[in-house]
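Residue 237, in our numbering, is where the sequence shown stops; the numbers in between run on with no holes.
Source of the hints: derived by calculation from the structure; they are not laboratory data.
Check the hints yourself; a few may be wrong.
[As the list claims (entries may be wrong)] Straight-line C-alpha distance at most 16 angstroms; calculated EDC-like pairs for lysine to aspartate or glutamate:
1. K160 x D97
2. K95 x D145
3. K74 x D116
4. K109 x D155
5. K139 x E185
6. K74 x D155
7. K109 x D89
8. K95 x E146
9. K179 x E157
10. K179 x D155
11. K148 x D116
[To be verified] Label-pair distances were calculated between CB atoms; the ranges are:
12. A152 x T178: 16 to 26 angstroms
13. T134 x D97: 44 to 54 angstroms
14. A131 x A164: 42 to 52 angstroms
Note that the structure is a prediction, hence the values are computed from the model and not measured.
We put the CB at the ideal spot given by N, CA and C, even for glycine.
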Amino acid sequence: MQYWFTNVVRQAPHRVLESTGMSRLGDLRIGTVLSALMGIMGLALVAIFTWSVVGKYQQLNAAEDAAAISTLDKRVFWTLQAFRYERGDTASVLKADLAVSNQAAGRNKERRATVDGEMAVILAARSLPVAGWTETLAKLSAVYDEVKALRATADAELQKPLAARNAAFGATFLTGMTKFMTTLEQSSLFLEQAATRANATVGDYLFSKRMVWEVRSAHGQYVLTVLSTMVQRRAFT
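Please model the entire structure based on the sequences and the hints provided.
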């Protein structure tokens, strides 16, 4: 009995040390695991926040692009509206007597100033971040140059008495002016699509604007016919 007690006492310190060492080793392993988990969680949070910031920044860039595109589209559309009046009025008075033609000169001066002012801004927007815009702008610029030449010829014709005017020029004028209107409309549609791709939230506004223009275009030819009939003092049939 005494031998057994003495043996236990002798072995006890070794067992205590062994137990304490294992405990420390266990603590070390748990601490390492916890540290690793905390590190992983930290990296995950950093990644999440970084992704969120990048996403918001991309949304901001897209919104800024959409705003720039939409602003330019507004100018193109406004130019289209003003030019439509110029085209219709000039085409009508080319068939009217000199007194009516002179009255139209003042109206067209103001409309041309609007169109030319807007076109100066549009043609200067070469850095718009839209693929294909450079080609669209070049086409618009070329047709605009044709319009300037037609304007000069129309002004010269309107200074003549009705009987002395070139009867064939009216059709030539309308064809050239309609070409510019079509090019403006195509440019506006191009910008609408680009703005929608950049930011889909502008889609409803652009759709509404397009519908208004379609309705107006559908009735525009009728209005032009009535106006031309009135200035020529012809009876409606």
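Do the hints match the structure? See the list:
At roughly 9 angstroms between alpha-carbon atoms, K160 and D97 fall within 16 angstroms of each other, so this suggested pair holds. For the suggested pair K95 and D145, the alpha carbons sit about 24 angstroms apart, so the restraint of at most 16 angstroms is broken. The hinted pair formed by K74 and D116 meets the criterion: a straight-line CA distance of about 15 angstroms does not exceed 16 angstroms. With a C-alpha separation of about 11 angstroms, the suggested pair K109 and D155 falls inside the 16 angstroms cut-off, and the hint holds.
This hinted pair checks out: K139 and E185 have alpha carbons roughly 12 angstroms apart, not beyond 16 angstroms. Taking the CA atoms of K74 and D155, the gap is about 29 angstroms. The hint is violated against a cut of 16 angstroms. As the CA atoms of K109 and D89 are separated by approximately 12 angstroms, the hinted pair is consistent with the 16 angstroms bound. Distance restraint check for K95 and E146: the Cα-Cα separation of roughly 22 angstroms exceeds the 16 angstroms cut-off, and the hinted pair is therefore not satisfied.
A hinted pair counts as satisfied when its Cα atoms are at most 16 angstroms apart, and K179 with E157 does not qualify at roughly 20 angstroms. For the hint pairing K179 with D155, the CA-to-CA distance comes to about 19 angstroms; that exceeds 16 angstroms, so the pair is violated. Between K148 and D116 the alpha-carbon distance is near 10 angstroms, which keeps this suggested pair within the 16 angstroms criterion. Separated by about 18 angstroms at the C-beta atoms, A152 and T178 satisfy the suggested range of 16 to 26 angstroms.
In this structure, T134 and D97 meet the distance hint of 44 to 54 angstroms, their C-beta atoms being roughly 46 angstroms apart. One distance hint, 42 to 52 angstroms for the beta-carbon pair A131 and A164, holds here, with the actual separation near 50 angstroms.
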